[in-house]
Amino acid sequence: MKSAYRLEHVTFAYGDKPALTIDHLSVRAGGITALIGPNGAGKSTLLNLLAFLLCPAAGQMYFFGRPVGRAEVLALRRRVGLVAQNPYLLHGSVIDNVELGLRLRGVGKEQRRRGAMDAMARVGLAGFEKRSVKALSGGEKQRVALARALAPEPEVLLFDEPFTYLDQNNVHLVEQAISSYTRKSGKTVVFSTHEQAQGIALADESISLFAGRPVGAPLVNLFPGTLRNGVFDTGKLAIQVPRAPDRGSYLAIDPEEIVLSPEPLNSGLGNSFRGRIIVIAEEAGRARVTVDIGEKLNARITLESLQNLRLGLGTEVWAGFNATAVKVF
Amino acid sequence: MDYFADSFLAALRLIFQFDPEVYRIVWTSLDISLTATVFAALFAVPAGVWSASVKFAGKRFLRQSLNALMSMPTVMIGLIFYGLFSRRGPLGDFGLLYTPTAVVVGEAVLIFPLIMNLAMTAVESADPRLLPTLRSLGASPVQQFGLVLSETRLGLLVAIAAGFGRAIGEVGTAMMLGGNIHGLTRTMTTAIALETSKGEFELGLALGTMLLLVAFSVNWLLRSVDRGAG
Numbered sequence: 004m005k006s007a008y009r010l011e012h013v014t015f016a017y018g019d020k021p022a023l024t025i026d027h028l029s030v031r032a033g034g035i036t037a038l039i040g041p042n043g044a045g046k047s048t049l050l051n052l053l054a055f056l057l058c059p060a061a062g063q064m065y066f067f068g069r070p071v072g073r074a075e076v077l078a079l080r081r082r083v084g085l086v087a088q089n090p091y092l093l094h095g096s097v098i099d100n101v102e103l104g105l106r107l108r109g110v111g112k113e114q115r116r117r118g119a120m121d122a123m124a125r126v127g128l129a130g131f132e133k134r135s136v137k138a139l140s141g142g143e144k145q146r147v148a149l150a151r152a153l154a155p156e157p158e159v160l161l162f163d164e165p166f167t168y169l170d171q172n173n174v175h176l177v178e179q180a181i182s183s184y185t186r187k188s189g190k191t192v193v194f195s196t197h198e199q200a201q202g203i204a205l206a207d208e209s210i211s212l213f214a215g216r217p218v219g220a221p222l223v224n225l226f227p228g229t230l231r232n233g234v235f236d237t238g239k240l241a242i243q244v245p246r247a248p249d250r251g252s253y254l255a256i257d258p259e260e261i262v263l264s265p266e267p268l269n270s271g272l273g274n275s276f277r278g279r280i281i282v283i284a285e286e287a288g289r290a291r292v293t294v295d296i297g298e299k300l301n302a303r304i305t306l307e308s309l310q311n312l313r314l315g316l317g318t319e320v321w322a323g324f325n326a327t328a329v330k331v332f
Numbered sequence: 140m141d142y143f144a145d146s147f148l149a150a151l152r153l154i155f156q157f158d159p160e161v162y163r164i165v166w167t168s169l170d171i172s173l174t175a176t177v178f179a180a181l182f183a184v185p186a187g188v189w190s191a192s193v194k195f196a197g198k199r200f201l202r203q204s205l206n207a208l209m210s211m212p213t214v215m216i217g218l219i220f221y222g223l224f225s226r227r228g229p230l231g232d233f234g235l236l237y238t239p240t241a242v243v244v245g246e247a248v249l250i251f252p253l254i255m256n257l258a259m260t261a262v263e264s265a266d267p268r269l270l271p272t273l274r275s276l277g278a279s280p281v282q283q284f285g286l287v288l289s290e291t292r293l294g295l296l297v298a299i300a301a302g303f304g305r306a307i308g309e310v311g312t313a314m315m316l317g318g319n320i321h322g323l324t325r326t327m328t329t330a331i332a333l334e335t336s337k338g339e340f341e342l343g344l345a346l347g348t349m350l351l352l353v354a355f356s357v358n359w360l361l362r363s364v365d366r367g368a369g
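Chains D and A are the protein sequences, given in the same order. The opening residue of the first sequence carries number 4 in the numbering used here; numbering runs sequentially from there. The opening residue of the second sequence carries number 140 in the numbering used here; numbering runs sequentially from there.
One should not assume that every hint holds.
[To be verified] DEER-style ranges, computed between Cβ atoms:
1) G322(A) to N89(D): 38 to 44 Å
2) R226(A) to G95(D): 52 to 58 Å
3) S140(D) to F143(A): 55 to 61 Å
4) G234(A) to R73(D): 49 to 55 Å
[To be verified] Pairs of lysine-lysine, DSS-like flavour, derived with a Cα cap of 30 Å:
5) K133(D) to K144(D)
6) K187(D) to K198(A)
7) K20(D) to K337(A)
[What the hints assert, rightly or not] Now the stretches of chain D that chain A is said to cover, found in silico as 3 or more residues with beta-carbon under 8 Å:
8) 78-91
9) 209-221
Simulated from the structure, these hints should not be mistaken for laboratory data. Here the structure is a predicted model, which is why all the values come from computation and not from measurement. We treat Cβ as the ideally placed atom computed from N, Cα and C, and that holds for glycine.
Given the sequences, and given the hints that come with them, work out the whole structure.
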């Protein structure tokens, strides 16, 4: 599988505060990748590295297989489009902004106009070209920034927290624009989000970031605690972990690997806790069931299982998971 | 009070009867100050924008020096350039002393730190997302420079206007380097000083009124540019 980016032993720090420590990371070409992590996990910093706006302090980055050198940064930036979380629009009209990337690449007036109009249509902004950016709502501004990044048809589109400030209609439009960009033209899209479900629903693959490091686990059911003799103590729960790692102060449990049952679980599951269902919600076509077992544990099951098990709010259930569903870092 | 009112009426008469002496002096003033402002701005604005956009050692020192130079007494600039331009000075052979060129040079140097400092402030107080946005859109350093100029144009215009205001309102440099020569280097400020000391209070007041009018016009122009930028 071809990778758009490969990062080897890359580190980045703001002053003496480390922001990213990545041993190995690759981003698939021609697909949608979600960067998932809580605030402060290093998602924006990583996107800025991928946009060639920041240079790693150490390590090597590869872009479509070629090592990235400082001398060619401008050419590389022009192959990538970045939409910031809170984008800045230049003074003037919507079309001035959307055309800017093309203008900076020396594209002629007519072709520029065509490219810009096409990009605006793709994000539902047809007819907005003469509007002043000052008169736009937050969601419209976000879409102008997306159109501006899309207009030069970059090989990679990077999008920092696209859904944070958008209402439902805008979320839908932006989701469509992102997926059609990849599906129709085979371009690569990387977007960051702190919402696990959204990341998984839209992306072909996801990378979880925590405290500046990629972690091989979805960041749901994340608990701080201490690890001692193969048992992770969250203060309220003692959880069996696989082949005890040496250290780690966080534990994550994959919600897809959690089994729910109204009966006690006596199979070989290493961890089994009794609790009460406090939330049931539909999330990206599946059911998220939150069980209070001392800590709030989120399980993701099919809607069919939810019905078959006759689970409802307040139902007493057993939640079980194997030690392999647990990741300590 | 009558003295003041009578003088003021006489001054208005000079203005509205288009007294050639008054308008010659106003024109000389505008010519010298505008030329000085254009030359100073040509160097000070790019220097300010560049200094604000990049990190370099000694930036703090530069800023402190500009702050200090902004309040440089005008007679000091006059004195230094008098030394340079006078017959025995290193630039004496050019014969520039008591010419409009000498005043233009002195005033340009006088207002350079002011324009550069305010230009730096304009760029530094621009939105911190501006430069990363331009870079991510693939702007080369030259393109970034042009777009920063355009995005911060209002602040830069204020810087230039402040420079013009200082140039047209100062008297020390114009007096020492221009020599207040009738029809050549007699500016509004040097003429006000001279005419008042001669007892020609009406003419002084007429020129003072014109000076105020110029200041208000610049202010008004900036306000309309501000509205236009909106």
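These are the hints, each one checked on the structure:
1. Checked against the hint of 38 to 44 Å, the C-beta distance between G322(A) and N89(D) comes to roughly 60 Å, which is inconsistent with it.
2. Checked against the hint of 52 to 58 Å, the C-beta distance between R226(A) and G95(D) comes to roughly 55 Å, which is consistent with it.
3. At about 58 Å, the CB distance of S140(D) to F143(A) agrees with the hint of 55 to 61 Å.
4. Hint check: G234(A) to R73(D), Cβ distance near 52 Å, so the stated range 49 to 55 Å holds.
5. Taking the CA atoms of K133(D) and K144(D), the gap is about 14 Å. The hint holds against a cut of 30 Å.
6. Taking the CA atoms of K187(D) and K198(A), the gap is about 49 Å. The hint is violated against a cut of 30 Å.
7. Taking the CA atoms of K20(D) and K337(A), the gap is near 70 Å; set against the 30 Å cutoff, the hint is violated.
8. Remark: the segment 78-91 of chain D is confirmed as covered by chain A, as 9 of its residues place a Cβ nearer than 8 Å to a Cβ of that chain, reaching the required three.
9. By the rule of at least three residues with a Cβ nearer than 8 Å to a Cβ of chain A, the coverage given for the segment 209-221 of chain D is violated, with 0 such residues.
Of the numbered hints stated above, those contradicted by the structure are hints 1, 6, 7 and 9, listed in ascending order.
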